[in-house]
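For this note's numbering, count along the sequence shown from 1 and bump the result up by 489.
Please note that the accuracy of each hint is not assured.
Claimed, not checked - Derived lysine-lysine pairs resembling DSS-like cross-links, with alpha carbons at most 25 Å apart:
| no. | residue 1 | residue 2 |
| --- | --- | --- |
| 1 | K548 | K599 |
| 2 | K548 | K625 |
| 3 | K625 | K513 |
| 4 | K550 | K625 |
Since the hints were made in silico from the structure, they are not lab data.
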Amino acid sequence: MAVLAGGETNPDVSLLYDINGIAKDAPHWTDRAVEFIGEYGIVLGLAVLMLCAWWSVRKSKDAPAGVAALLWSPLAAGIALLINVPIRGFVRRPRPFLDHQGLEVLVKGKTDFSFVSDHATLTMALGVGLFVANRKYGLIGIGLALLEGFCRVYMGVHYPTDVVGGLALGTAVTLLLAPPAMMLLTPLTGWIAGTRCGWLVRARAGAADTALVPAATAEAVSGAAGRGHEVRAQDRDLAA
490 MAVLAGGETN PDVSLLYDIN GIAKDAPHWT DRAVEFIGEY GIVLGLAVLM LCAWWSVRKS
550 KDAPAGVAAL LWSPLAAGIA LLINVPIRGF VRRPRPFLDH QGLEVLVKGK TDFSFVSDHA
610 TLTMALGVGL FVANRKYGLI GIGLALLEGF CRVYMGVHYP TDVVGGLALG TAVTLLLAPP
670 AMMLLTPLTG WIAGTRCGWL VRARAGAADT ALVPAATAEA VSGAAGRGHE VRAQDRDLAA
């Protein structure tokens, strides 16, 4: 437990040292892997996850609403990051390695303020937005956001409370603004579904299914024509 002046303990700093201490004992390649994952990897993974979710929700019955939720996800992340700008300027919390010695800092050059974590805010907003669109992909996305928070502390660039604040901010912005956002975005995606770009919102029928429809129609027409010929032949016989 980290001890402050006057004998007080600080669990935030203590947890920072505990998690960052793993980096000191880990192999060099592990630190480099966590550095890449924490800076870029999880964000790229969430982008791929959103593409997979988009491909899936296009096949659902309520595809316009699902695609609208996916559109809201990056928009919510952008809004959350904008909200974080005045928060960081108001709190003005220095990076942990500037106030505490002995940390293993995996990313150099971080000179901006620490609270709240942009990476945690961004990834959690994307993860919660995914959950609104599709629970399966959303749970994976939220799990990636939690892993992002761990990586930021492991890398020595954020306090645990910076991460918790970012996760809370991303979640709050995404959920609180989701109702009005969906009211605006769902009619838009519904309109797109009826245009030439409708494949962006609703999956087209497969070629095999499309081929079966004309064949079935032709068979039905042929059968109806045959029955009509038989009726006319019977009428002629009765007239005779």
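#### Entry: Indices of hints not satisfied (ascending)
Hints 1 and 3 not satisfied by this model.
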